[in-house]
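For the sequence shown, the working numbering gives the first residue as 1, with consecutive numbering after it.
Hints were generated in silico from the structure; no laboratory data involved. Heads up, a few of these hints could be off.
No farther apart than 20 Å at their CA atoms in a straight line, the calculated lysine to aspartate or glutamate pairs in the EDC-like style are these [unchecked claim]: (1) LYS171 x GLU200; (2) LYS19 x ASP8; (3) LYS486 x GLU369; (4) LYS359 x GLU273.
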Amino acid sequence: MTQRRELDNYSDEIQSLKKRHAQEVDEYEAGLRKKDREMRELREDLRVAQSDLERERETVTSLRATISSQSTAQLTLATQKNVLQAQCDAVQASLDAATATISQLQLDLESSRKRIAELEQDAREAEGVRRKLHNMVQELKGNIRVFCRVRPILPKEATASIAYPDRRDHKEIVLSSSSESATGQERKEVWNFSFDRVFEPDSTQAEVFEEVSQLAQSCVDGYNVCIFAYGQTGSGKSFTMEGGPTESTAGMIPRAVEQVFSVAEELKSKGWEYKMEGQFLEIYNETINDLLGKDEFDKKKHEIKHDKSGTRVTDIVTIPLRSATQVRSLLAIAQSRRTVAATLMNERSSRSHSVFTLKIQGNNTHTGETCDGSLNLVDLAGSERLKESGAANDKDRLKETQSINKSLSALGDVIAALGEKGEKGEKHIPYRNSKLTYLLQNSLSGNSKTLMILNVSPLAVHLGESLCSLRFATKVNNTTIGTAKKQTRSAS
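Produce the complete structure using the sequences and hints provided.
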């Protein structure tokens, strides 16, 4: 019984052991399966890792190749950099040298400019001194100064052969002409003339006035001044004296008046006070007309009177002047009344001599000194031949042309007589032969600074008239009239 129980106990224990063994086997097999699964996972991980490693190795190899290539490129770039740096240094050195050179050149240029400016100023001052000395010599000689101006050429005009050989002082003009002799030989004639100044066709109004300005200014200092334009019809006299509508084309009359007012204004600081008055007349067919009057032509008889105070014309309207602008307005009024007519030589030819007179009375409140000056600006009617002017078939034009030429001839006679007086001493001067010469008596007799502006036509068809004008101007230039005297009085 006891043995049986022991057997039963053993049997139970064996069953229990079997169960535990079976359980342990299951657990072991489960563990094996787990380990096997883990091993498979590890192998997969290993395979993936190996694949990644291989890929990384390839990447490393590629990177090493890239690094090697980049290193080579870097070395190349470093070499190029060194070369470029050397070139840059060389360029910088060249640039520094060029900059230094430019700086030096700029200094030299500035120095040269200053020197040029100084030389130009010296030249201008020297030219000014030369002009003053020349004017002084002319005044001491007592000669009538003569300027010659050749007008510009218009389209389709046939020009004469005119040369200007004196490029430095501009004092010479040479005309030439070619013709065929009776034997068929070419004959060339050349005429040389010399004056105080010759203005070529491209000369401006300002350039002409620059030479006239000192003379025009003298009237403020108490001198009598006369500037008259001479020349054939169509040679540019009216343009020279009166000019055009713009500032650049303004003629000698408005420019001279402008300067007189400007100088008078400047002299106020030195105690000078000035009163100015103007008159404008014309001589037409030996009759004096007042261009500032009230359309009373031929109604009033105006007479020329000479006395110690100067020349005056009776019953002429004299207008007090306060500005250059006022004078320009008066000139416009006068020009609208001046006798003009069309001729073959000039579509609007002036048929009369016009004389603008500016009288100046100065008084110095500091010193008590007074001065009386006058400025006569004369635009002579054009000289012309009857045939060329077309006046022969018109009774009125014929009378005008004959009157103009008679008065200009009288002017020539006065000049000739003055020349003979200078050579032989006392001689009668026929001032009274025309209203023009009688009016200009003081200007021609030595009591005035006188300038003649000879206007010359450049046309070939006018060569004969031009030569006559040039010869007459030469005679005028050689005429001695005496030294002008300053009209001043000291207070008692």
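Each hint tested on the structure:
As the CA atoms of LYS171 and GLU200 are separated by approximately 10 Å, the hinted pair is consistent with the 20 Å bound. Taking the CA atoms of LYS19 and ASP8, the gap is near 16 Å; set against the 20 Å cutoff, the hint holds. Only pairs whose Cα atoms come within 20 Å are accepted, and LYS486 paired with GLU369 is accepted, the gap being roughly 12 Å. Distance restraint check for LYS359 and GLU273: the Cα-Cα separation of roughly 14 Å lies within the 20 Å cut-off, and the hinted pair is therefore satisfied.
In summary, this structure violates none of the numbered hints.
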